[in-house]
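Keeping their order, the protein sequence lines are chains A and B.
Per the working numbering, the first sequence starts with residue 1, numbered consecutively.
Per the working numbering, the second sequence starts with residue 1, numbered consecutively.
Each hint should be verified, as a subset may be incorrect.
As the list claims (entries may be wrong) - With a straight-line Cα cutoff of 25 Å, these simulated BS3-like cross-link-like pairs (lysine-lysine) come out: (1) B:LYS174 x B:LYS114; (2) A:LYS213 x A:LYS110; (3) A:LYS213 x A:LYS226; (4) A:LYS226 x A:LYS110; (5) A:LYS19 x B:LYS109; (6) A:LYS19 x B:LYS114.
To be verified - Residues on chain B that point at chain A, a partial pick, calculated with CB under 7 Å: (7) VAL105; (8) ILE121; (9) SER124; (10) PRO135; (11) THR137; (12) PHE221; (13) TYR241; (14) ALA261; (15) ILE264; (16) PRO268.
Treat the hints as calculated values from the structure; they're not laboratory data.
No residue lacks a Cβ here, since even glycine has one placed at the ideal position from N, Cα and C.
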Amino acid sequence: MLGVTTNLSVFRQRAINAKQVLRRDWLTYSMLLPVLVIMGTLVWGSLLDGIWMSFHEFDFLGRRVWVGLDNYAYVLGWDTFWTSLKATIIFGTVTFSQLLIALIAAVAVKHARFRDYLSALFVIPYTIPGLVSGTMWVFILHPDLGPIFPLLVDYGIINETIYWGTSGDTAMAVIMFAATWAYWPLAFIILTASLDGIPEEHYETARVYGASKVQAFFHITLPQMKGAILIAVSLRTIYNLTKVSQPLQITGGGPGFDTSVLGILVYRFTEGSQRFGLAMTVGVILVIVTMMFVIPYIRSFERDTNTGGVA
Amino acid sequence: MRLSVDTLTGARFDLEDLVFRSSVYLVIAGLAALVLIPLVIVVAVAFTPSSELFENPAVWLPSEPTTQYWSEGFVELQEGLIHSFVISVGTAVIALFVTIPGAYVFGRKEFFGKRFVFYAIILSLLFPSIVLVVPVTARWLEWGLYNSYHGLWIAFQIFITPFAIWILRDYFSKLPENLEEAAQVYGCTEFGAFVRVILPIARPALIAVGFLAFLNGWNEFLFANLLTTSSGVQPAIVVLYSTLHGGQGESIAWGILMAEAIIIGTPPAVLYFVAQRGLRGTFGA
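Build the full structure now, drawing on both the sequences and the hints.
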């Protein structure tokens with residue numbers, strides 16, 4: 001008898017709880033709804049739709065015609081695609097120059113005065129739209145008109161001006177330089193935040209034990225920044241592999257297709273010709289390539305979770 | 001504490017310190033030059049009459065500065081700048097309406113599926129959003145969203161939603177724990193507590209995120225270029241692109257182009273620094 005009443009009251013309690021939870025969650029879910037709609041349709045929905053598109057060709061009325069793996073066969077058998085893939089991966093290595101400058105800058109700023117002003121100054125390139133900074137560099141590095149090359153020739157540093165737009169290697173060097181200039185601040189922001197999180201006592205202990213600044217850097221600073229460095233590398237690699245606006249503005253993908261990173265191919269197929277099937281095929285391959293480069297970093301990040309979440 | 005350590009270890013550290021200090025400032029001077037010199041060149045060119053520019057390519061400061069390029073640049077960009085402004089404001093307003101309530105529940109509520117949904121949002125930052133431009137362009141053509149303000153307002157949410165949720169969730173979750181309960185004791189409803197207590201406190205972060213969304217709408221080129229035409233709502237940044245690649249060949253008006261670059265590049269830079277204050281401590285910026 002006693003057992004039955006307890007059971008009943010437990011059920012009643014549960015029913016009340018469920019009702020309360022439902023009532024509370026109703027508000028929660030309705031507040032979440034706009035985000036779910038955007039993420040579900042625009043982001044994940046578009047991605048799935050895009051993958052589906054890569055198995056189709058689009059006729060002149062914009063209707064989808066199923067072609068199976070034809071698009072993939074076409075793209076993989078196409079010389080330009082491989083040139084483009086190579087360009088993408090070479091361009092993707094700007095991650096390391098961005099990271100190196102960011103690391104040096106972060107350490108230097110930490111030990112300097114007026115840190116806030118310096119950080120603000122260093123972030124300027126990143127705030128300028130990529131297409132705008134691309135436009136700037138087109139002029140500044142213009143072989144005849146820009147101030148840099150004539151100056152280098154005048155001082156005898158180089159023999160004659162370099163018409164970098166005519167050769168694949170030099171054109172690539174220029175867009176990589178511009179991308180380094182524009183986006184190292186992003187890695188700098190992440191690294192600075194992490195550097196600020198390292199307790200000062202660690203350095204004091206190291207000094208008591210007679211460690212030099214260089215030793216302190218390699219034994220305290222670097223290990224503690226590992227998590228932030230991995231985040232910076234992953235994020236920068238993703239964005240560098242998919243950068244479009246700067247290369248497009250500086251070289252237009254040329255000469256030939258030597259600086260046509262995969263993003264530019266996607267753009268070309270989408271823009272003029274509206275060959276969405278092919279565009280998306282290149283897009284899917286780009287995602288796969290990006291993940292191949294990024295997943296190892298994310299995995300090693302997960303392995304040491306104690307490095308702390310940063311930015 | 002520090003002083004005593006220094007005196008204990010003595011002179012060895014002084015020399016090292018001196019070398020270290022000077023290399024720190026050397027590095028900083030180098031980086032500052034790297035950032036500033038290109039900007040100075042561009043500003044100078046925007047004031048340099050073309051006669052001087054073509055006579056002496058390595059000219060750094062014009063002897064007879066002209067403001068002609070600025071007025072010409074403004075005229076050329078006028079329409080584009082208006083489009084850019086409308087696009088960015090609309091993008092920011094929608095972003096705030098979408099992400100504030102969403103980030104709030106992520107920051108302060110427990111609900112079924114929370115982790116899964118949050119990871120789905122953050123994961124989207126980790127794949128290249130450029131691939132989404134293709135399906136979006138195809139759909140926008142189909143649905144009549146192509147070449148319209150609202151088409152761009154909606155499309156730009158792709159970039160902003162995950163980012164804003166990430167920043168705002170952190171901010172909301174760091175607010176004191178029992179704020180809502182206290183408000184409810186004083187007679188607020190649950191939603192009322194959110195609107196009347198939480199939102200006013202979070203204002204700096206909300207403004208910052210609004211600015212970032214504006215900045216994104218202003219800076220974004222690829223979607224803006226593919227989803228608009230020159231007869232429609234083409235923003236200024238796309239105009240800048242077509243000015244350089246419009247096929248005029250050698251006769252590019254560099255002075256105007258540089259003035260235009262500065263005109264488009266300045267608002268986001270200024271906004272970023274205003275936004276940064278509100279973000280301090282939440283995004284580590």
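Hints, verified against the model:
{"no.": "1", "hint": "B:LYS174 x B:LYS114", "in the structure": "holds (18 Å)"}
{"no.": "2", "hint": "A:LYS213 x A:LYS110", "in the structure": "holds (13 Å)"}
{"no.": "3", "hint": "A:LYS213 x A:LYS226", "in the structure": "holds (18 Å)"}
{"no.": "4", "hint": "A:LYS226 x A:LYS110", "in the structure": "holds (17 Å)"}
{"no.": "5", "hint": "A:LYS19 x B:LYS109", "in the structure": "holds (17 Å)"}
{"no.": "6", "hint": "A:LYS19 x B:LYS114", "in the structure": "holds (19 Å)"}
{"no.": "7", "hint": "VAL105", "in the structure": "holds (5 Å)"}
{"no.": "8", "hint": "ILE121", "in the structure": "holds (6 Å)"}
{"no.": "9", "hint": "SER124", "in the structure": "holds (5 Å)"}
{"no.": "10", "hint": "PRO135", "in the structure": "holds (4 Å)"}
{"no.": "11", "hint": "THR137", "in the structure": "holds (6 Å)"}
{"no.": "12", "hint": "PHE221", "in the structure": "holds (4 Å)"}
{"no.": "13", "hint": "TYR241", "in the structure": "holds (6 Å)"}
{"no.": "14", "hint": "ALA261", "in the structure": "holds (5 Å)"}
{"no.": "15", "hint": "ILE264", "in the structure": "holds (5 Å)"}
{"no.": "16", "hint": "PRO268", "in the structure": "holds (5 Å)"}
Every hint, counting from the list given before, is met by this structure.
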